[in-house]
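Trainee: Listed in order, the protein sequences are those of chains E and X.
Okay, so the first sequence: first residue is -9 according to the working numbering, each after it adds one.
Okay, so the second sequence: first residue is 1202 according to the working numbering, each after it adds one.
Rather than coming from a laboratory, the hints here were simulated on the basis of the structure.
Worth double-checking, as some hints may not be accurate.
In silico DSS-like links for lysine-lysine, alpha-carbon gap of 30 Å or less [unchecked claim]: (1) E:K161 / X:K1319; (2) E:K144 / X:K1343; (3) E:K120 / E:K107; (4) X:K1319 / X:K1370; (5) X:K1343 / X:K1358; (6) X:K1370 / X:K1343; (7) X:K1358 / X:K1370; (8) E:K161 / X:K1343; (9) X:K1343 / X:K1315.
Now for the letters of each chain:
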Amino acid sequence: MSAPEVSVEEVIVRYLDGTLPAEQLEWLNEWVRDHAEVRDCLFDMALQAVAVAEQAEAVNDVVVPVQFPKYRLWIQWAAAALVVIGLGAWLTLRDGTGRRLTSLGKTKPSITKVWPKPTVLMANATAQWKSRTLKSGTHAIIAPGSRLTANDTKGFFARLEQGTVGLSVPKGVPTAALRTPDAEITLRGAELIATTDGRHTWLEVHRGTVTFSRLEDQQAVQVSAGGQGSTATANFATERSVMGEEWTLAATDDPRIIGAVVTREGRKVMRAVRHRNENGRYHYQIVNERNPARGQFSLYTAQAHSIMEIRAFIQKAAPARIHFRTATVKADDYLYYEYRLPAGRLKPTAWTTLRIPITAFKRIGGPAVPVFNRMVQTFVMETGPTDAGLELEYVRVSR
Amino acid sequence: MEQTDVIDVLEAHRTELTTWVLVLLRDRHTAEDLFQEMFVKALGQPEHFSEPQHVMAWARVNLRHRAINYIQRYRDRMATLDEQAIESLCDHAEERMATEGNARSEALKDCLKKLPTKSSQLLRLRYSQDLSGVAIAQSLGKSTDAIYQSLSRIHQKLRACVESLLQRKDRHT
């Protein structure tokens, strides 16, 4: 077998990334079998990967990808020309509401063009989620009570006036943007969920990286897959939790299953499937198939309720503690409650039903965080010094 | 041994043990899960161990079995090394951990602090935020090959730094 023209380190980087071509995997097999220094190199690089991850997790570090500057002359000239054109557009263009387009943001410009006239209207007055695949290949799913207009002829330009929309925009769509009353989201090849109550916008990104701009003061951030952002002055997820809802095709095919919740807390990923019962109430089945573990996930409902009933099941005999937190979040209010399950309440290898009145929740304070007028429940599961199996079934929410 | 002593030993070598499984499985989360399962098993039988070296030897064997079982179960879904290469790696890893302990990962912590910001950010995007080379390239507006080359150069620098620190430490002792 001939020696490849790439460095061992590069082959190992690709191996760890899972993108090593089959032919090069054969080379690596041969090298690992025959050369102790390659085995050392592989261990050293993997050790570096683990150490970097541990170090970042220890300080709860999140890196926002920022493009490195390139200093080629023609790019500088092109950039200068764009600035002149953009400045002219900013001075002259106005959006559909008559407001001046605040497109030259402080940190990242948004799309500087007059938006095309909408050709698609998705207004959902029913109680079911609606989905539609547009000409550009963009898949949109819109929540009950939401209204979205879009133009899909050259790129994808959509306006969400009210409610929640999930978008899956293929990479091939050259320009894509979603605008809400107070924000603009520009993307290329991404999956996201955006919600607006007309005053603030809340965003979750599941694939790709998007630029999320607040129109009011032109602040912009880049939100990558797994991240979320809000145009409100603070974000309730100020802890480490990054929660997302992943709307699946199954959600539209099966009326009982209306979505899947995905959350990433530290190192763990948990999934939940949300069913709608015949009586219209929600039923969450939360299972981390690989390792039901320590973690945090949030459930959102538009309606406040007074009692929740939860069935919990511990798979292994391990010390377990579950905190249930609930917060009523209004536009200018943030209440943060916690319920700690009494020690020993959950018995291993048996389902335990917990009927917890909201009055049992103890207020533990928290900063005033203007976000949305909705109920947020956060389940914090801690299962002792090690991870143990835990399944929760959110059986019923009653008013 | 007491249960708390077993926890101390395993926690002190968590990085090395997880690294070993990562080399075989390529997935850090799965590597951590297997470590956790081994951890739970060890905590259930602290009386089984007489000294720290015994705990580590048991942990290495246990993790080796778990990793190989995992590979056998999911081999059709994951492109990993062949059996001979895995056997060589396992033997090599056991020898390396027995002789070096966690000296290398301690030196690595110092080297990571010395990295330039850009290099450090690139490593964190790849290994902490688990973005693939392709995703990083898209985010940064670079080619995928350029990202892989940058990562491999950073790894080379870190290896050189660690070797130099270990040699300096050897000279002092």
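Trainee: Take the hints in turn and mark each one as holding or not.
Mentor: Hints versus structure:
1. E:K161 / X:K1319: OK: E:K161 and X:K1319 at ~27 Å, within 30 Å.
2. E:K144 / X:K1343: It holds: about 26 Å lies between the C-alpha atoms, which stays within 30 Å.
3. E:K120 / E:K107: Answer holds: E:K120 to E:K107 is near 22 Å, not above 30 Å.
4. X:K1319 / X:K1370: holds (28 Å)
5. X:K1343 / X:K1358: holds (21 Å)
6. X:K1370 / X:K1343: violated (39 Å)
7. X:K1358 / X:K1370: holds (18 Å)
8. E:K161 / X:K1343: holds (16 Å)
9. X:K1343 / X:K1315: Roughly 25 Å separates the two Cα atoms, so the pair holds.
Of the numbered hints given earlier, the model fails hint 6 alone.
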